[in-house]
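Q: Below, each chain spelled out in residue letters.
There are 2 protein chains.
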Amino acid sequence: MSDTQLVRESALRSFGRKVLVQTGMSEPDARLAIDVLIEADLRGVYSHGVVRLPIYIDRLRAGVMDPAPKMQVLRDKPSTCVYDGGNGIGMIVGVRSMEVAIDKARVSQAPSFVAVQNSNHYGAAAYFAEQAADAGMIGFSFTIGGINHMAPWGGRAPILGNNPFAIAMPTPCGFNVVLDMACSVAARGKIIVAARNGDPIPADWALGPDGLPTTDASEALKGLVQPVGGPKGYALTLMIGLLSTMLTDAFFGSEVTHLYDDLENPQNIGHLQGAMPIDLFQDRDRYDMRMEKAVREVQGTEKAAGVERIYLPGEREYISRENARREGIPLGTGVIDDLRATGQSLGIDFDAEVAGDG
Amino acid sequence: MSDTQLVRESALRSFGRKVLVQTGMSEPDARLAIDVLIEADLRGVYSHGVVRLPIYIDRLRAGVMDPAPKMQVLRDKPSTCVYDGGNGIGMIVGVRSMEVAIDKARVSQAPSFVAVQNSNHYGAAAYFAEQAADAGMIGFSFTIGGINHMAPWGGRAPILGNNPFAIAMPTPCGFNVVLDMACSVAARGKIIVAARNGDPIPADWALGPDGLPTTDASEALKGLVQPVGGPKGYALTLMIGLLSTMLTDAFFGSEVTHLYDDLENPQNIGHLQGAMPIDLFQDRDRYDMRMEKAVREVQGTEKAAGVERIYLPGEREYISRENARREGIPLGTGVIDDLRATGQSLGIDFDAEVAGDG
Numbered sequence: 146m147s148d149t150q151l152v153r154e155s156a157l158r159s160f161g162r163k164v165l166v167q168t169g170m171s172e173p174d175a176r177l178a179i180d181v182l183i184e185a186d187l188r189g190v191y192s193h194g195v196v197r198l199p200i201y202i203d204r205l206r207a208g209v210m211d212p213a214p215k216m217q218v219l220r221d222k223p224s225t226c227v228y229d230g231g232n233g234i235g236m237i238v239g240v241r242s243m244e245v246a247i248d249k250a251r252v253s254q255a256p257s258f259v260a261v262q263n264s265n266h267y268g269a270a271a272y273f274a275e276q277a278a279d280a281g282m283i284g285f286s287f288t289i290g291g292i293n294h295m296a297p298w299g300g301r302a303p304i305l306g307n308n309p310f311a312i313a314m315p316t317p318c319g320f321n322v323v324l325d326m327a328c329s330v331a332a333r334g335k336i337i338v339a340a341r342n343g344d345p346i347p348a349d350w351a352l353g354p355d356g357l358p359t360t361d362a363s364e365a366l367k368g369l370v371q372p373v374g375g376p377k378g379y380a381l382t383l384m385i386g387l388l389s390t391m392l393t394d395a396f397f398g399s400e401v402t403h404l405y406d407d408l409e410n411p412q413n414i415g416h417l418q419g420a421m422p423i424d425l426f427q428d429r430d431r432y433d434m435r436m437e438k439a440v441r442e443v444q445g446t447e448k449a450a451g452v453e454r455i456y457l458p459g460e461r462e463y464i465s466r467e468n469a470r471r472e473g474i475p476l477g478t479g480v481i482d483d484l485r486a487t488g489q490s491l492g493i494d495f496d497a498e499v500a501g502d503g
Numbered sequence: 146m147s148d149t150q151l152v153r154e155s156a157l158r159s160f161g162r163k164v165l166v167q168t169g170m171s172e173p174d175a176r177l178a179i180d181v182l183i184e185a186d187l188r189g190v191y192s193h194g195v196v197r198l199p200i201y202i203d204r205l206r207a208g209v210m211d212p213a214p215k216m217q218v219l220r221d222k223p224s225t226c227v228y229d230g231g232n233g234i235g236m237i238v239g240v241r242s243m244e245v246a247i248d249k250a251r252v253s254q255a256p257s258f259v260a261v262q263n264s265n266h267y268g269a270a271a272y273f274a275e276q277a278a279d280a281g282m283i284g285f286s287f288t289i290g291g292i293n294h295m296a297p298w299g300g301r302a303p304i305l306g307n308n309p310f311a312i313a314m315p316t317p318c319g320f321n322v323v324l325d326m327a328c329s330v331a332a333r334g335k336i337i338v339a340a341r342n343g344d345p346i347p348a349d350w351a352l353g354p355d356g357l358p359t360t361d362a363s364e365a366l367k368g369l370v371q372p373v374g375g376p377k378g379y380a381l382t383l384m385i386g387l388l389s390t391m392l393t394d395a396f397f398g399s400e401v402t403h404l405y406d407d408l409e410n411p412q413n414i415g416h417l418q419g420a421m422p423i424d425l426f427q428d429r430d431r432y433d434m435r436m437e438k439a440v441r442e443v444q445g446t447e448k449a450a451g452v453e454r455i456y457l458p459g460e461r462e463y464i465s466r467e468n469a470r471r472e473g474i475p476l477g478t479g480v481i482d483d484l485r486a487t488g489q490s491l492g493i494d495f496d497a498e499v500a501g502d503g
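Protein sequence lines correspond, in order, to chains A and B. If you read the first sequence in the numbering used here, its first letter stands for residue 146, the second for the next number, and so on. If you read the second sequence in the numbering used here, its first letter stands for residue 146, the second for the next number, and so on.
From chain B, some residues computed to sit far from chain A (all C-beta separations above 12 Å): (1) Arg158; (2) Asp211; (3) Asn342; (4) Asp361; (5) Glu409.
In silico lysine-lysine, DSS-like type, Cα no more than 25 Å apart, as pairs: (6) A:Lys367 <-> B:Lys448; (7) B:Lys438 <-> B:Lys448; (8) A:Lys448 <-> B:Lys367; (9) B:Lys163 <-> B:Lys215; (10) A:Lys222 <-> B:Lys222; (11) A:Lys448 <-> A:Lys438; (12) A:Lys215 <-> A:Lys163.
If you're looking for bench data, these hints aren't it; they were derived computationally from the structure. Fair warning: this is a prediction, and the values are worked out from it, not measured in the lab. We treat Cβ as the ideally placed atom computed from N, Cα and C, and that holds for glycine.
Isolated chain A (complex conformation) (with noise of 0.2 Å):
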């Protein structure tokens, strides 16, 4: 990131709750929200920070989102359900339908599945599959994206989703083993953030308008992201996507509508969230024992020259955490703008939430 600036995470939180409580939001779920927002920037994952509260407040603002959502469960079963949404934030239902399944595995001793419609962006991924982790269990959690900026391998027309999915198991090491990713070589978070802050992107992230691999990250955000793996991260985007979306009646495809350019539609966003006991299958020490080897013959790799230390995934996102908590959350200054200018329309000073903090 080019220029930034360290931001205390309490500053952070009570700023985006207040601007959260102001749309209409009540103060818990504003509280849950923004703790989800900020546990990615803690992370280091600033993509799936607080650089969305704007388009989230914007989205709230224009009544495409709904802060105070009917979130209900339909086709209740022991260890599945449909989980509607009501068309809230994506945090809340992300987090929400994630107990949910949770609370199914635990009382069924079964995988749980919950297939969600009526949802919005949900942020990061890891967020909800380590929901599942931090209670022994596996997770899962599949979403499709937001904007369709993703073709087809042979095609040309964005009718995909950038599609993540999160799995997390947890370890005795102090942090849970977190696959977080997006079917593209590089989130477009990332590639929002670069315009943001006007700075390049790899040449291999992106196709502009003209279809042309471009380095201008406001270019690419007009065209197309590539999948990882050209047919193999078509197939992984793809097939996210049928998961997240033909359990329940979520949108795919063309009905998917732009979170950005389109502030009239409700986005219907799908999610499959899964929690899998893993005293089901193994004793909780056993297990412990076995990953906590695992964990440390990775660690332990022989490096390639020039490496100073191998992580596991969400290892270094951990780390991560550890010294955002204690030093504060660098945000780029196209961000801090944003956020100034989201409270400002909603009469909260970020700056005085900023300066006021201890």
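Once you've looked at the hints, dock chain B against the given chain A.
A: Using the frame of chain A, we list chain B on its own:
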């Protein structure tokens, strides 16, 4: 492939069955195991077809795979179990364990997962995921690979497999949508086929034993394969490996011996098989209607210059299968030489089988 010969499916089935029976396998098991391999060849996934038969025969004859395994269900619960493959050939253990997952899902009306230990290299993951799709369920099949030839990101020692997984969803369009991918840029099986046939490989597929990129397939087999998307592919292969092994006592990391080079130790390969009935979430008619719309929309996407047709994952394999059943399976001469030698060592005449076929 350089030099190929068309061989009829029925001849390959007959040859393979006889060879497997000769090693002590029962007639039905041999029939089923060869079906899994030939399905891969029919689908054009030659890297996981009969090209692998010689190593399975070698392992059976060396006594490190059991031709008549005692397979058993452990920790049996309504929607989960641990399945011990009794060190049987992976194709049989894969099919049987997925049958258990499907039965449990049907009876318990819940997503059902079966964690497998004491198995072996099971071939193409798609076969098992499609068992579930053909039963009206979403199929998941994860496995650890039979050779460590990937390093953690930043590492230089091969302690990870190129772990493959498949997810399949039924459609009303004549084929299942099937994601089946390993976590490297290219499947190691493709490198094996290239080495067999003396073909070069692209420079981004693998590193030679010196740690540098190579286009020599034989050198690549002694080195490391490269993860797709760099750290993403590393995180993915690690997670698939952990999912496949940590719920049982299946081997992980340095415990994994080499499929080809170690004929003294059983591999204790692990899988995780899952089946999730669609009608728990959505009426099947409505699912079919929405899935058909999705499939048609992807197929109808505006094409890039020079592209004739856009395929869904699994669709190209379906078309390949139709053609190969009619016209025969194209096998490289290197592969045929190996099959001939394998047959000879067991008194089965490959050429007589091929010639004798209608």
